[in-house]
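Residue numbers for the sequence shown follow our numbering, so the first one is 1 and each next one is one higher.
It should be emphasised that the hints constitute simulated quantities derived from the structure, not laboratory data.
Some hints here could point you the wrong way.
Computed Cβ-Cβ distance ranges for the label pairs, DEER-style [said to hold, decoys possible]:
# : residue 1 : residue 2 : range
1 : Leu197    : Lys733    : 28 to 36 Å
2 : Val870    : Thr273    : 18 to 26 Å
3 : Gly684    : Leu389    : 38 to 46 Å
Note that the coordinates shown come from a computational prediction; the quantities given were computed from them, not determined experimentally.
Beta carbons are placed, not taken as given, at the ideal position from N, Cα and C, and that holds for glycine.
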Amino acid sequence: MISKQWVSRAAVAAALVAVPPLGAPAALAQAAPGAESGTATFGEELDQDQIIVTGTRRIDRTVTESAVPVDVFTADDLATQPSPNLQTIIRNLVPSFNQQRNAGADGASFVRPPTLRGLPPDQILVLINGKRMHRSALVQVAGDSLSTGSQGPDLSQLPSVALGRVEVLRDGAAAQYGSDAIAGVINLGLREDDDGLELNARYGQSYEGDAEDIQLSANAGFKLGDGFFNISGEFIDQGLFNRALDRPDSAALRAAGVDVPFPPTRYGQPENTAYRVVINSAIPVDEATELYFFGNYGRADQEVDFNYRRPIAVTVPGVIAFPGVTPAAPQTFGKSVGTIYLDAIPGLQTATGAPVYSSIGRTFEASEFFPEGFVPLFMSTNTDIHGVLGYRGETSFGMRFDLSAATGRNRIRYHMNETLNPSLGPQSPTEFYLGSLEQRETNLNFDASYPLEVGFASPLNIAAGLEFRRETYVVGQGDEASWAIGPYATQTVQRPNGTRFQATAAVGANGFPGYGPASVSDQSRNSYSAYIDLETDIVDAFTLGVAGRFDHFSDFGSTVNGKVSARYAFSDAIAIRGNVSTGFRAPTPGQSATSNVQTGFPNGSTVPVATATVTPNSVTGLFFGSEPLSPEESVSFSGGVVITPDNGLNLTVDYYNIEVTDRIAITSPFNVTAAQQQALFAQGVSNAFDLGQVNYFTNGFATRTQGVDAVLTYRAPLGFGSINSSLAMNYNKSKVTDITRPAAITAQRALNIEGLTPEFRGVFATTFDADLWYVTGRVNYAGEITSYNDVLASGPTVQTFGDEFTFDLEVGTTIAERFRLAAGVENLFDEYPDREIRNIYPQTGAQGSGRIYNDASPIGYLGGFWYVRVGADF
Numbered sequence: 001m002i003s004k005q006w007v008s009r010a011a012v013a014a015a016l017v018a019v020p021p022l023g024a025p026a027a028l029a030q031a032a033p034g035a036e037s038g039t040a041t042f043g044e045e046l047d048q049d050q051i052i053v054t055g056t057r058r059i060d061r062t063v064t065e066s067a068v069p070v071d072v073f074t075a076d077d078l079a080t081q082p083s084p085n086l087q088t089i090i091r092n093l094v095p096s097f098n099q100q101r102n103a104g105a106d107g108a109s110f111v112r113p114p115t116l117r118g119l120p121p122d123q124i125l126v127l128i129n130g131k132r133m134h135r136s137a138l139v140q141v142a143g144d145s146l147s148t149g150s151q152g153p154d155l156s157q158l159p160s161v162a163l164g165r166v167e168v169l170r171d172g173a174a175a176q177y178g179s180d181a182i183a184g185v186i187n188l189g190l191r192e193d194d195d196g197l198e199l200n201a202r203y204g205q206s207y208e209g210d211a212e213d214i215q216l217s218a219n220a221g222f223k224l225g226d227g228f229f230n231i232s233g234e235f236i237d238q239g240l241f242n243r244a245l246d247r248p249d250s251a252a253l254r255a256a257g258v259d260v261p262f263p264p265t266r267y268g269q270p271e272n273t274a275y276r277v278v279i280n281s282a283i284p285v286d287e288a289t290e291l292y293f294f295g296n297y298g299r300a301d302q303e304v305d306f307n308y309r310r311p312i313a314v315t316v317p318g319v320i321a322f323p324g325v326t327p328a329a330p331q332t333f334g335k336s337v338g339t340i341y342l343d344a345i346p347g348l349q350t351a352t353g354a355p356v357y358s359s360i361g362r363t364f365e366a367s368e369f370f371p372e373g374f375v376p377l378f379m380s381t382n383t384d385i386h387g388v389l390g391y392r393g394e395t396s397f398g399m400r401f402d403l404s405a406a407t408g409r410n411r412i413r414y415h416m417n418e419t420l421n422p423s424l425g426p427q428s429p430t431e432f433y434l435g436s437l438e439q440r441e442t443n444l445n446f447d448a449s450y451p452l453e454v455g456f457a458s459p460l461n462i463a464a465g466l467e468f469r470r471e472t473y474v475v476g477q478g479d480e481a482s483w484a485i486g487p488y489a490t491q492t493v494q495r496p497n498g499t500r501f502q503a504t505a506a507v508g509a510n511g512f513p514g515y516g517p518a519s520v521s522d523q524s525r526n527s528y529s530a531y532i533d534l535e536t537d538i539v540d541a542f543t544l545g546v547a548g549r550f551d552h553f554s555d556f557g558s559t560v561n562g563k564v565s566a567r568y569a570f571s572d573a574i575a576i577r578g579n580v581s582t583g584f585r586a587p588t589p590g591q592s593a594t595s596n597v598q599t600g601f602p603n604g605s606t607v608p609v610a611t612a613t614v615t616p617n618s619v620t621g622l623f624f625g626s627e628p629l630s631p632e633e634s635v636s637f638s639g640g641v642v643i644t645p646d647n648g649l650n651l652t653v654d655y656y657n658i659e660v661t662d663r664i665a666i667t668s669p670f671n672v673t674a675a676q677q678q679a680l681f682a683q684g685v686s687n688a689f690d691l692g693q694v695n696y697f698t699n700g701f702a703t704r705t706q707g708v709d710a711v712l713t714y715r716a717p718l719g720f721g722s723i724n725s726s727l728a729m730n731y732n733k734s735k736v737t738d739i740t741r742p743a744a745i746t747a748q749r750a751l752n753i754e755g756l757t758p759e760f761r762g763v764f765a766t767t768f769d770a771d772l773w774y775v776t777g778r779v780n781y782a783g784e785i786t787s788y789n790d791v792l793a794s795g796p797t798v799q800t801f802g803d804e805f806t807f808d809l810e811v812g813t814t815i816a817e818r819f820r821l822a823a824g825v826e827n828l829f830d831e832y833p834d835r836e837i838r839n840i841y842p843q844t845g846a847q848g849s850g851r852i853y854n855d856a857s858p859i860g861y862l863g864g865f866w867y868v869r870v871g872a873d874f
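Please work from the sequences and hints to get the whole structure.
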């Protein structure tokens, strides 16, 4: 039988890796339900004495005793959120956490990049039970200004029902946890229930009647000898919602007899069907050690529209580039896919030996496949698997240890239907497999900790560890038809009078050319790390911590980082805290190894141009001035005050300043001349004569981000229940301080990095709990954002989108102490962000694509959303 002594030792061992012990009782594994330093609890008492396990390797630190700001959220907090998506849940709980919609932005539509404290997703370290979560396979080459080029974990892979606890460390921690922890750390603690069955069902839809959303989830716990086995499952079926208007060419097309769908292109969330399973287990080996295992598997099938393609040319009234600017002259929207000439003239060839086609012979039009035009359907199948096996405990002389091995893989497969490869003409298929992206990671960790008495008010906690990590990034080839340069890509066409002209056809699957042979990649790197972490109470009122970490990467060398943190308590009611640290973010395998060639017609070109994204260490990259990628480096400072009077009121205020240099970006394209093609070929570049443009990842700019987090919580018993409230506010301001590679980042992108994240965000939440029923209200506030767009003769067009308030409300009850029923509304008053005012066509009031909202809106553009949910416990 597992002893109480063993439980205590398991808790101590688990603190090494900053997670609750897998075999520990609820008192340590989840503590009292409630959200400390970040949000209100929902129906449970707030416990500011809850032990934290992120940001420290001691086992006796509570939320208010921490030298760094940590938000703690329990399963109750997650369960009352209106969205099933973990990223959206965290956004509602942590004001400095944001995410954008990115509708129609290729893979970014499916894997939404989050930001924390104004920094991109690959500067946020995500842990599961204290172990590093692998990254998504998607490199955000088509994301927003802040996230473009980033590659971070996909938080949507874990269902909220599987989580017993979430800790958000809002502080730089690269010296403690390694690469990516510049903005902070999100630690996802899995549930450890060893008995019982929980069932949940949820249904909702928008006020507009779309975005139908079904969620089914369950969690079950079982005893495994003296250990436990916990399993969670989730099914999600989300419908697409649309907030686009008609296109300016639609009226003319309909007048010409074309049955254009309304709206021609839908913009909103993708259609999404997802299945996810998470397991968490542990079994004692003896009274001092245990084996543990946890992991997850998930699959998501998603689909989104690309832009509508016209079957014929039409003329429309001119666009208004910006209010007050004279409307442009009427413009002709040509056929989306040009005419293909099928009959070569016998005996005629160009100087290069290519056939010459007759202008009066047989032709092929895309309308033969799609008479009413077409909207390519871009589809993603995202599979994710992760597993961790470990052995931990305490030695006879009091050293705590944890030895673990972890492996993870994320694979994204792309398909596209309802489109064609125009350069293949009538031989083109209309369905394509575009290829795959895959990220693989393997981690081996050993962590140890020992409390040493040195005469201070508390033992000196000495923690140290070693890590080996192997990362692999793979790009898989698509069907040949998806990327092939067909026979009709470039045609010389002769008229009856003997004159000639050039006709071109787009290459690859129209909308998203597949990954061809030049894009295929399979590259790996190894890294080795060692850290030491010291923390003690010098005197009862003064806590001091020091951490240092060494990392060596096989592809770019070594780095050393450190952190010093301190806390001083003037009394039980007031304390100050602060820290300073250096950090780094190693270039991801995807950024280091991405190699892709796509063919298009940029800047009005009349011939196909191959644009190659090449690796920085490639011959082509070096030819155009690339340098080996190096880590992004950071220096962080934070300081704050903690006020905890003994009246249910708690206040924390923390200032932070983060400077990041050598930030990684994708360069603007370099045009390749004929002489450069010849020079590249002489250096062994086999496809040199196919290259028209080249770009690559580079360390290109520096930023400074400053802000303040303030969190106020209050709880009070009432004669007929209790009330728990919190107010969390964030002020955040980013500045691009240096552009070291102007080709990597334009002035417009720099301005959007600064302007498209709200400077102010806040969440006020309160819950009234009367035992059998409760009412939860939430107010979300987001400040204004500024977008810098097209450059006119008078300068760039600048639009500021106003600040927004949204209100959420939920009412729930418990029946027979087992059954739960709740109904709620997200965005109760159906608020929408300000509309776009640039490039508007007067006949539709929308942009050429039909879009009317900016993806960067912090409140999104779903509008009001209602839902009901039921649950049962057995």
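Here is how each hint holds up against the structure:
1. A hinted range of 28 to 36 Å is violated for the C-beta pair Leu197 and Lys733, which are about 48 Å apart.
2. For Val870 paired with Thr273, a C-beta distance near 21 Å keeps the hint of 18 to 26 Å intact.
3. Separated by about 44 Å at the C-beta atoms, Gly684 and Leu389 satisfy the suggested range of 38 to 46 Å.
In the structure shown, a violation is registered for the earlier hint numbered 1 alone.
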